[in-house]
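Q: So you can see what is in the structure, the chains are spelled out below.
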Amino acid sequence: MLVSILHRITGGALTVAGLAILAWWLAALAAGEESYATFDSVVRFEWLGIPWMFILLAGLTWAFWQHFFSGLRHLVLDTGAGYELKVNKFWAVMTLAGSLLATAATWYFLLGVGQ
Amino acid sequence: MSLGESATPLGKVKGLGSAHHGGGHWLEERFTSVALVFLSLWLIFSLILLPDLSRDILSQWLRTAWGAVPMALFIVAAFKHGVDGLKVAVDDYVHDDGNRIGVHYLLDMIGIAGAAISLFALARIAFVAVAA
Numbered sequence: 000m001l002v003s004i005l006h007r008i009t010g011g012a013l014t015v016a017g018l019a020i021l022a023w024w025l026a027a028l029a030a031g032e033e034s035y036a037t038f039d040s041v042v043r044f045e046w047l048g049i050p051w052m053f054i055l056l057a058g059l060t061w062a063f064w065q066h067f068f069s070g071l072r073h074l075v076l077d078t079g080a081g082y083e084l085k086v087n088k089f090w091a092v093m094t095l096a097g098s099l100l101a102t103a104a105t106w107y108f109l110l111g112v113g114q
Numbered sequence: 000m001s002l003g004e005s006a007t008p009l010g011k012v013k014g015l016g017s018a019h020h021g022g023g024h025w026l027e028e029r030f031t032s033v034a035l036v037f038l039s040l041w042l043i044f045s046l047i048l049l050p051d052l053s054r055d056i057l058s059q060w061l062r063t064a065w066g067a068v069p070m071a072l073f074i075v076a077a078f079k080h081g082v083d084g085l086k087v088a089v090d091d092y093v094h095d096d097g098n099r100i101g102v103h104y105l106l107d108m109i110g111i112a113g114a115a116i117s118l119f120a121l122a123r124i125a126f127v128a129v130a131a
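Just so you know, the protein sequences line up as chains Z and H, in that order.
Each residue of the first sequence is one higher than the last, beginning at 0 in numbering that gives the first Met the number 0.
Each residue of the second sequence is one higher than the last, beginning at 0 in numbering that gives the first Met the number 0.
Treat the hints with care, as some may be off.
Here are some of the chain H residues that sit facing chain Z, going by a computed Cβ distance under 8 Å [stated by the list, open to error]: (1) Ser32; (2) Leu38; (3) Ser39; (4) Trp41; (5) Leu46; (6) Ile56; (7) Leu57; (8) Ser58; (9) Arg62; (10) Leu72; (11) Val75; (12) Ala76; (13) Ala88; (14) Ile116; (15) Ser117; (16) Ile124.
Restraint ranges, calculated between C-beta atoms of paired labels, are given here [unchecked claim]: (17) H:Ile56 - Z:Tyr82: 38 to 48 Å; (18) H:Ala115 - Z:Ala96: 17 to 27 Å; (19) Z:Ala16 - H:Phe44: 13 to 23 Å.
Worth flagging that the hints you see were computed from the coordinates, not collected in a lab.
Ideal placement from N, C-alpha and C gives every residue a C-beta, glycine not left out.
Could you build the full structure based on these sequences and the hints that come with them?
A: Structural data, given as structure tokens:
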């Protein structure tokens, strides 16, 4: 139930916020040095010492992974498999665990923490 | 797109479900979702594997075929899939036919505009961009 609702919410957020940022990012890259510097400074925007845009991007990363794993689950369910109560619940919970782990891993590597 | 065995002959003609046009839309959404499984993983791994996310490095990457071609596919699939998904949500909450069709057109226009802006930007990076 929760996972199903999350699929819709994360999908909506990825479309509205995620694709808007994708378009802006590519447009800023194409438009030149100054435009990309503006994009970069907005991404690094801080207020009261809190990097709000990083939080938004991390949230969208989580939304992506949640939607990704939940989407994979739906593709399996579409074949008619995995409807037994225990199996169904197990994989629903696994999408939640998987998305948190994958979000942490993505930012761990993106920020180069491991290097 | 063919519905195969999943719809009755009558259902194919009349178009059932809350969208009132049968299952063709459903199949299209599955098609882009499978494409996005690969394309989105490609995007995340590419960004991670780049030395940094500076303008120079990103432009260099998008000037190669291995950067630009999957990115173009990602843009098309992501905007299509996103608009398809929003339409499904709209179908569940907007019941008036006129409003539903109006919102669908609006979503299509925004989605196509967003994809066009992104593809134009990508082309500009790939074909023009800065001199080395």
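Q: Look at each hint and say if it fits the structure.
A: Hints, verified against the model:
1. Ser32: holds, 6 Å
2. Leu38: With a minimum Cβ separation of about 11 Å from chain Z (threshold 8 Å), the hint on Leu38 of chain H is violated.
3. Ser39: Constraint on Ser39 of chain H satisfied, holds at 7 Å.
4. Trp41: violated, 13 Å
5. Leu46: Since the shortest Cβ distance to chain Z is 7 Å, the answer is holds.
6. Ile56: violated, 11 Å
7. Leu57: Constraint on Leu57 of chain H satisfied, holds at 6 Å.
8. Ser58: holds, 6 Å
9. Arg62: violated, 11 Å
10. Leu72: Given a least distance of 13 Å, the restraint on Leu72 of chain H is violated.
11. Val75: Violated - the Cβ of Val75 of chain H stays beyond 8 Å from chain Z, reaching only about 12 Å at its closest.
12. Ala76: For Ala76 of chain H, the interface hint is violated, since the closest Cβ of chain Z sits about 11 Å away, which is over 8 Å.
13. Ala88: holds, 6 Å
14. Ile116: holds, 5 Å
15. Ser117: holds, 5 Å
16. Ile124: Since chain Z brings a Cβ to about 5 Å from Ile124 of chain H, closer than 8 Å, the hint holds.
17. H:Ile56 - Z:Tyr82: 38 to 48 Å: At roughly 46 Å between Cβ atoms, Tyr82 of chain Z and Ile56 of chain H fall inside 38 to 48 Å, so the hint holds.
18. H:Ala115 - Z:Ala96: 17 to 27 Å: violated, 38 Å
19. Z:Ala16 - H:Phe44: 13 to 23 Å: With a Cβ separation near 22 Å, Ala16 of chain Z and Phe44 of chain H satisfy 13 to 23 Å, so the hint holds.
Hints 2, 4, 6, 9, 10, 11, 12, 18 from the list above are not met by this structure, while the remaining hints are.
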